[in-house]
Structures are given as C-alpha cells and as structure tokens.
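Q: Sequence:
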Amino acid sequence: MAGGAISWTSKKQPCVALSTTESEYIAESLAVQEAIWLTQLLTELGIEGFLRKPIPIYADNNGAIALASNPEFHSAMKLIAIRFHRLREEVAAGNVKFVKIPTADMAADGLTKPLGKTLFKRWIIQMGLTVYKNALNG
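Numbering (numbering that gives the first Met the number 0), first residue to last: 0 to 137.
For the record, the hints were derived by calculation from the structure and aren't laboratory data. Please note that a few of the clues may not be correct.
Heads up, simulated SDA-like pairs for lysine to any residue below, C-alpha to C-alpha not over 25 Å straight-line [unchecked claim]: (1) Lys-112 <-> Glu-43; (2) Lys-99 <-> Leu-44; (3) Lys-96 <-> His-84; (4) Lys-11 <-> Lys-52; (5) Lys-120 <-> Trp-36; (6) Lys-11 <-> Glu-43; (7) Lys-99 <-> Lys-120; (8) Lys-112 <-> Gln-125; (9) Lys-112 <-> Gly-93; (10) Lys-11 <-> Trp-36; (11) Lys-96 <-> Asn-69; (12) Lys-96 <-> Pro-113; (13) Lys-11 <-> Tyr-131; (14) Lys-112 <-> Asn-94; (15) Lys-11 <-> Pro-113; (16) Lys-96 <-> Tyr-131; (17) Lys-96 <-> Ser-6; (18) Lys-99 <-> Glu-43; (19) Lys-52 <-> Ala-30; (20) Lys-120 <-> Asp-104; (21) Lys-99 <-> Tyr-131; (22) Lys-99 <-> Leu-110; (23) Lys-112 <-> Thr-38; (24) Lys-99 <-> Thr-38; (25) Lys-112 <-> Asn-69; (26) Lys-11 <-> Asp-104.
Please construct the entire structure, taking both the sequences and the accompanying hints into account.
A: Structure follows, in structure tokens:
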C-alpha cells in the first residue's frame, strides 16, 4: 500500500510438485487466496478505493496460466491437491485474472533465483528498494 508491501511471506511449498507448471500453479493458487483475503480485509477497513477488479495476478508460466484459466480437466491436474483448485473457481467467477509478464520482469524471481550483479540492481529497482551505501559498486 502506498508503494510498499503489506503482506509477504517466504516458505516451502506445502507439497512436492512434479513439474514447474504444477509448482507455479500451486504458487498462483496461494497468491490468489492471499489476494482475496487482503481485498476482504481492506474492504472491511473501508480502504477499498484503489482496489482493482478483477484482481491482477502476475505470472510468467504459460502452462500454469492455461491450467488456471481453462475449467476443463487436464491429465496434469490429477496429481494436484483439490485445495489448490479454488484458483480456477476465482478465475471463472471473474474475481481474478492473470496478467502475463515476461520472466525478465517478474520481480518475485529475485526472491527465488540467484541473480548476478546487473540483475540484482534491476531487481532492487523493481522492488522499490533503496541502497543507502554504495555496496553494489565494489
């Protein structure tokens, strides 16, 4: 809010994913649950003027976006726990929509992938962080 994070967490996924698509789908499902909870919280607090509907969920995995956006059963879905399928319901209801962004622009990757100096500097800007010491020039 006001350019800063109001909710953030980092933890292991609650299950083992057998593919990157499955892993991204599970992560997107958890992100949607958090986004809906935050929307409800802000609405209860009367701070809802800036909320966008449908809620944009930024994603860079085409397979996960396709699984979430298509209500048909896919063979890839049979191993994903039912609790993660709320994502599909929210997309179908129009409460959330996926916004495809290039992997290079995915700010969350800075939390999960090793970055070189140049990409790290770019990530700092994407996250809205400031370096107070010139530590990155050394």
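Q: Hint numbers the structure violates, sorted upward?
A: Hints 1, 2, 4, 5, 6, 9, 12, 13, 14, 16, 18, 21, 23, 25 are the ones this structure does not satisfy, whereas the remaining hints hold.
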